[in-house]
Structures are given as structure tokens and as C-alpha cells.
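Chain B is fixed; fit chain D onto it per the hints.
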Amino acid sequence: MALDVFAPWNDPDAKPLIQFKNVSKRFGDFTAIDDLTVDIFEREFFALLGPSGCGKTTMMRMLAGFETPTEGNILLAGQDIAPVPPNKRAVNMMFQSYALFPHLSIWDNIAFGLKRDKMPKDQIAARVEEMLRLTRMEKFASRKPHQVSGGQRQRVALARSLAKAPKLLLLDEPLGALDKKLRQDTQFELMDIQEKTGTTFVIVTHDQEEAMTVASRVAVMDHGQIVQVATPDVIYEAPNSTYVADFIGEVNLMKGKADPQGDSLQMHWAEGQPAVVGSPLAGASKGQDVHYAIRPEKVSISAEKPVDAANAVQGKVLDIAYLGNISTYHVELAGGQIIKAQAANNRRISRRAFTWEDQVWLSWTATAGVFLER
Amino acid sequence: MRRLLIAIPFVWLLALFIVPFLIVFKISLSDLAVAIPPYTPTLDPADGWAGFKHFLSQLDWENYVWLTEDALYWKAYLSSLKIAVISTLLTLLVGYPIAYGMARAPEEWRAMLFMLVILPFWTSFLIRVYSWMGILSQEGYLNQFLLWIGAINEPLVILNTNIAVYIGIVYTYLPFMILPIYAALEKLDISLLEAAEDLGCSRFSAFWLVTVPLSKQGIVAGSFLVFIPTIGEFVIPSLLGGSRTLMIGKVLWEEFFSNRDWPVASAVAVVLLLILIIPIVLFQRNEQKQREAGK
Chain B
1 MALDVFAPWN DPDAKPLIQF KNVSKRFGDF TAIDDLTVDI FEREFFALLG
51 PSGCGKTTMM RMLAGFETPT EGNILLAGQD IAPVPPNKRA VNMMFQSYAL
101 FPHLSIWDNI AFGLKRDKMP KDQIAARVEE MLRLTRMEKF ASRKPHQVSG
151 GQRQRVALAR SLAKAPKLLL LDEPLGALDK KLRQDTQFEL MDIQEKTGTT
201 FVIVTHDQEE AMTVASRVAV MDHGQIVQVA TPDVIYEAPN STYVADFIGE
251 VNLMKGKADP QGDSLQMHWA EGQPAVVGSP LAGASKGQDV HYAIRPEKVS
301 ISAEKPVDAA NAVQGKVLDI AYLGNISTYH VELAGGQIIK AQAANNRRIS
351 RRAFTWEDQV WLSWTATAGV FLER
Chain D
1 MRRLLIAIPF VWLLALFIVP FLIVFKISLS DLAVAIPPYT PTLDPADGWA
51 GFKHFLSQLD WENYVWLTED ALYWKAYLSS LKIAVISTLL TLLVGYPIAY
101 GMARAPEEWR AMLFMLVILP FWTSFLIRVY SWMGILSQEG YLNQFLLWIG
151 AINEPLVILN TNIAVYIGIV YTYLPFMILP IYAALEKLDI SLLEAAEDLG
201 CSRFSAFWLV TVPLSKQGIV AGSFLVFIPT IGEFVIPSLL GGSRTLMIGK
251 VLWEEFFSNR DWPVASAVAV VLLLILIIPI VLFQRNEQKQ REAGK
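Residue numbers (the UniProt record's numbering), protein chains in the order written: chain B, 1 to 374; chain D, 1 to 295.
Isolated chain B, as found in the complex (with noise of 0.2 Å):
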């Protein structure tokens, strides 16, 4: 049943809690952010990527409201934030640095937002006691954040910025200063959390198996522009740009000219060697310069040429990059061209199939890969 998926981004009726109309921002002669539009609905884990200096950092601090567009509006449930100093917003932050208080406990700390609602004093308890059997830290309340652990800090400043119950909750790289364990788990109880609540995340990542992880959408930003804005899955399958697959996981970029040829399309891309058969790319004319981009899990290394094979190559095992589970298999073409291949170790490693400068083939169906105009 697909009734139930959760898509409000597909649903024409659907009221996005927060919509950037045209957005830019200006740091003198630098553009952080160049026209952006985009719409962010309710309850949706929503996930800023891209390289450091891309502007989804500044995008968080316009909606947090420690920065102002410079053109355009941004809208949080239909009302436009612009004149809203932070302190009026329904929204809150997680910092990167958590910046928690030094001089409060933890208790204090989660209670800091509500005692300035001037919220009764057994309210503000219980709401402090909820927080902490949230995030697990109710045996640490009377702790100053410097007698804590780093994740236990990660997750006293996640218990803060929940405690008032925000319409948006921001998280600037939330995980960044936990370790890779750590992260993983953490990744899994924030989804936790944010699917208990009820709250709608925003998070800013540079590390792209944490919005895959996380993220029910993800918006890839490069130069203050967002590339593309989809699931993960439309993201990692169907990249619309060479940025996109590029930026997203490994992959194998070629370049080429097109050649449509009724419901397929093949690309002449070297000298010597049989053109990429692919599915079709919207309007694209004989001739044209476009891209192909392959995962290397969807490539196949066999020892003898395969059959009914759409792209069959030969090439000669140059690498080989043992990851445990998986290897990746690093192929030169006969044209200099590198070709990579993982393969699922299946098989003990003394047992292994190929080595170096062994000729193989290497082939992948005909929807394996997509073509992409730039």
C-alpha cells in the first residue's frame, strides 16, 4: 500500500511549513545565497548538503533568524519571519558547538527557554523530566555540561532545543564532533526522536550518510543554489546533474555524444569501444555532449565476455580496494579510461576470482546507469 507513505512534497493540496520564495543573501561582494526557492513541510527531516562554504549554513541562520535575506521572503506557516528577531520565533537551534551553558547544570540548561516563557515552576519540571528521559540523561541533571561525555553534551543540547516544543527544529551539524560509532547510533535516536515529537528537522550535514540516513528529503546545495531537492533514494538512482552523482556516494562519470535511438539512447564516448546503451534523456539531439553516470555496485566483473549483456568492456585490473564486505575493482580500459566495479566478497579472500593485471569484462544493463546533461 502506498497510501501511507509519508510524501507531502508529492501532494498538490499540501501547506509547506516553511517556503524560501527567491531567496538571496548577500556578504558584501560574496553571494551565499543566489535565488533559492524551496518548500519544507510538516514533520519532515529535512537535509541541507554540501561542502563547507555552499551557504546551507547560511540558510539555517536565516531561518534561525541571526541573519536576514537580502532579497526575497522566507515564509514559516504562511507568515513572513523577516521582521521576527530569533527570540520571537517558533524555531529552534541546535548549535554545531552545542554551545551549552558552562555556569548551569544540564537541568538548568534544558530549563533555560522555558523559564523565559515565564512558564509556571511545575510545568517547567516536568517538561525538564520529559526532556531528560527523552534523551536518557536523567542521572546527570545536577552536572555541570563539563562533567559529561561528549555525546551525553550532543544530547543535553538536543533535550534544549526540544523543551519548548519548537514548530522547526535546526540542527547545524549536529553530529560532527562524535565519532563514527557514536554517530551511527545517534543518527538512528535522533530519527528516534524526531518521528516522537512529531517535529519538523532541518539539518545542515557535510557528510552525506547522515542526510541519507536521517533525511526524508535531501537538498543538495553548491554556490548558495540547491541542486536538487528529492528522497534519498531519487537522489542516489537518479542524480540530475554529474554534481549530484559526483557529490553522492562513488560513481563512474563519462563523457560523450549522444546518439538517440528510438526508446534508448547510446553514447559514442571513445575511439574503439561500443557506445553506452541507456535509457533515454529528455531532449537530447544527435550529437549532443552528454554524461553518464554509473555506480560501481551496478557494474558486474566476469573473467569470459557475457552474453546478452547491454555494455560489455574489457579492460585489465589495475586496483583492487579491499573493504571487507565488498572490494572495489579498479579497471583500465583499453582507451586509459577507469572504469570502478564493487563486488560482494562472497567468497574468503584467498579465494578471490581476479587479481592485479588480470583482463576482465565488466558489464551493466541498460537502466543501470542514467544519462545527465551536465
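FYI, nobody ran anything at the bench for these hints, they're computed from the structure.
One or more of the hints may lead you astray.
[As the list claims (entries may be wrong)] Have a look at the derived ranges for each label pair, beta carbon to beta carbon:
1) D/LEU4 <-> B/GLN147: 37 to 45 Å
2) D/VAL212 <-> B/GLU42: 35 to 43 Å
3) B/SER149 <-> D/LEU5: 31 to 39 Å
4) B/SER142 <-> D/LEU81: 35 to 43 Å
5) D/GLN288 <-> B/VAL84: 14 to 22 Å
6) D/TRP109 <-> B/LYS21: 53 to 61 Å
7) B/ALA125 <-> D/LEU72: 39 to 47 Å
8) D/LEU22 <-> B/PRO102: 42 to 50 Å
9) B/LYS21 <-> D/VAL212: 38 to 46 Å
10) B/SER149 <-> D/TRP109: 36 to 44 Å
[What the hints assert, rightly or not] Keeping only pairs whose Cα atoms sit at most 27 Å apart, straight-line, the calculated BS3-like set for lysine-lysine is:
11) B/LYS139 <-> B/LYS255
12) B/LYS298 <-> B/LYS316
13) B/LYS139 <-> D/LYS289
14) D/LYS82 <-> B/LYS144
15) D/LYS216 <-> B/LYS115
16) B/LYS144 <-> D/LYS216
17) D/LYS187 <-> B/LYS144
18) B/LYS118 <-> D/LYS187
Note that beta-carbon positions come from the ideal geometry of N, C-alpha and C, so glycine has one too.
What follows is chain D alone, placed relative to chain B:
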């Protein structure tokens, strides 16, 4: 070797603090005499054990009793305390905004601002206090300026009043207040203020709830650095203050040099030290707390 290293500060303390203190304390228990030195008894090692016993029997507490009998002394102590407390508060009020401005200034300016704060130390302290006389006197620059802009019709009497003393003390001790506060504020993470605003604070309440508590150590350190030397201050009240400015440093000077009553002067000094020990102990406790918090 390690013992030797530890011994150095103790020898230093012994030679430059404990021994002089014991000498002053002994003089405070002696009697005034027209002699050189101007007190009695003096210890003559040639007299042996009996001489030492006789020497001890002549020491008494009458100078301390005298301090409680003459109102001048406790009035001078109280007045010094009052002036020191008010000056410390004034220095804090002037110094905090300067330290705050320095800590928030662009990074490349800070070294220069820092230099400007300590620049007055390059001139003699006495000359700087004298130049305030030139500014504050009735024909001084301040009065001339105020008359010229028409703010006043006749010169204000500032020099030789307590106001001049406060001005002098605040001016002189300002760097001691600014530097520790600046050191505390410079370490302050801006994202803490953003977090406070994000959680519903106005800029003003973020200042009171975050900036001030986090600079508390600097405020305490600066206040003690101003308060402790101000209590015993002698030069500023005698140059800028009037005959009605009563401070214990001045009393001490007069007992020593005008009355040549070394025993009473010594008693005054010993009591002053006892008064100062309390804030010094508090100051050290604050320092220790700071070190522990830094761990």
C-alpha cells in the same frame, strides 16, 4: 634539587614579608622614645638571656589600645574602606564596558586596544596624578572647558575633594579592572549568546544571564586588584584630596614622618594588614575555584 626549587619562594616570603612584618610588629609593641631609633626597648644580644627577658617584659599592647581610644583611627579605617568600596564599584562600571568593547572589537584591533590600556604605565604614576591636578584645579582645563561651552558660570571646586580622589583612583586602577574582565570576555563563545537568544532571551537579558555570570571570575579578580591597593592608598588622597579626605594611608604617613611616632604608626600598619588579609584570602579562594573550574 626539587626541595631547593620549593625553598626559593619560601625564602623569598620569609625575607621580604615575614621578617619585615615581625620587625614592624615588634615596633608596634614598643614605646615612643627620643632616641635613634625613636622607640624603646631595643634588643642588645650582649645582655644574654636575662637581657632578652627584660626586653620582652617591656613590650605591651598600649599602642593598640590607643588606636581604639582615639576616634581618628577607626574613622580613618572606615573612611578608607568606604572610599575603596566606592572606587572599586566606579572602576567596575567604567572598566566593564571598555573590556566588553575590546573583547567584541575586530580581532586585528585587539592588540592595539590592549596596548592603549597599558600605555599609561609607561609614564610615572606621580606625573600622571600631578597632571590630574592641572586638569581638575579651579583654573584647570576641565573648568576652562566647561566655562567655554557655557555649561557652568563659575569654576567648580573639584580638586581637594573626595570627587578628585575617586577620579584619581578610577583612572589609576582602571587597567587592573579591565584586563581580567577582558580575559574572561574574550574566551566567551558568541554561540552561547546566540543560543540564549534562540531560547527566548532579549539581547539585554542574554547579557545578564550569560555574559555577566561567565565573566564573574574576571569581575571578582579585577575588583580585588583594585580594592586591595586602594585601601592603603596614600599618594592619590594626599595629592588630589583635601584636608577632609581621611584615609588610613595618610594617617600612617603622618604618624611616621610628622609625629615620628613609629610605635603607633606600626600598630596602624599591622591593623591595616589584618583588615586586608580578609579580602586577600577571599581573592585566593576565587583564584583556586577558577583553576578547578578550568580543569
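Each hint tested on the structure:
1. Range check, D/LEU4 to B/GLN147: Cβ separation about 39 Å, and the 37 to 45 Å hint holds.
2. In this structure the supplied range 35 to 43 Å holds for D/VAL212 paired with B/GLU42, their Cβ-Cβ distance being about 39 Å.
3. Distance hint check for B/SER149 and D/LEU5: the Cβ-Cβ separation is about 37 Å, which falls inside the suggested range of 31 to 39 Å.
4. A hinted range of 35 to 43 Å for the beta carbons of B/SER142 and D/LEU81 is consistent with their spacing of about 39 Å.
5. Roughly 45 Å separates the CB atoms of D/GLN288 and B/VAL84, a value that falls outside the hinted 14 to 22 Å.
6. The hinted range of 53 to 61 Å is not satisfied by D/TRP109 and B/LYS21, whose Cβ atoms lie roughly 39 Å apart.
7. Distance hint for B/ALA125 and D/LEU72: a CB-CB separation of about 58 Å, inconsistent with the stated range 39 to 47 Å.
8. Take D/LEU22 and B/PRO102: their Cβ atoms lie about 45 Å apart, and the range 42 to 50 Å holds.
9. Checking the proposed 38 to 46 Å range against B/LYS21 and D/VAL212 shows it holds: the Cβ atoms sit about 40 Å from each other.
10. Restraint check, B/SER149 to D/TRP109: a C-beta distance of roughly 38 Å satisfies the suggested window 36 to 44 Å.
11. Distance check on the hinted pair: B/LYS139 and B/LYS255 sit about 58 Å apart at the alpha-carbon level, beyond 27 Å; violated.
12. Pair hint B/LYS298 plus B/LYS316 holds up; C-alpha atoms about 18 Å apart against a cutoff of 27 Å.
13. Using a Cα cut-off of 27 Å, the hinted pair B/LYS139 and D/LYS289 holds, with the two alpha carbons roughly 25 Å apart.
14. Proximity of D/LYS82 to B/LYS144 is assessed by CA-CA distance (about 38 Å); at most 27 Å being required, the pair is judged violated.
15. Our distance criterion of 27 Å between C-alpha atoms is met by D/LYS216 and B/LYS115, whose separation comes to about 22 Å.
16. Of the supplied pair hints, the one linking B/LYS144 and D/LYS216 holds, its CA atoms being roughly 17 Å apart against a limit of 27 Å.
17. Taking the CA atoms of D/LYS187 and B/LYS144, the gap is near 18 Å; set against the 27 Å cutoff, the hint holds.
18. In summary, the hint linking B/LYS118 to D/LYS187 is not supported, as the alpha carbons are separated by about 30 Å, beyond the 27 Å threshold.
Violation of the numbered hints given earlier is confined to hints 5, 6, 7, 11, 14 and 18; the remaining hints are satisfied by the structure.
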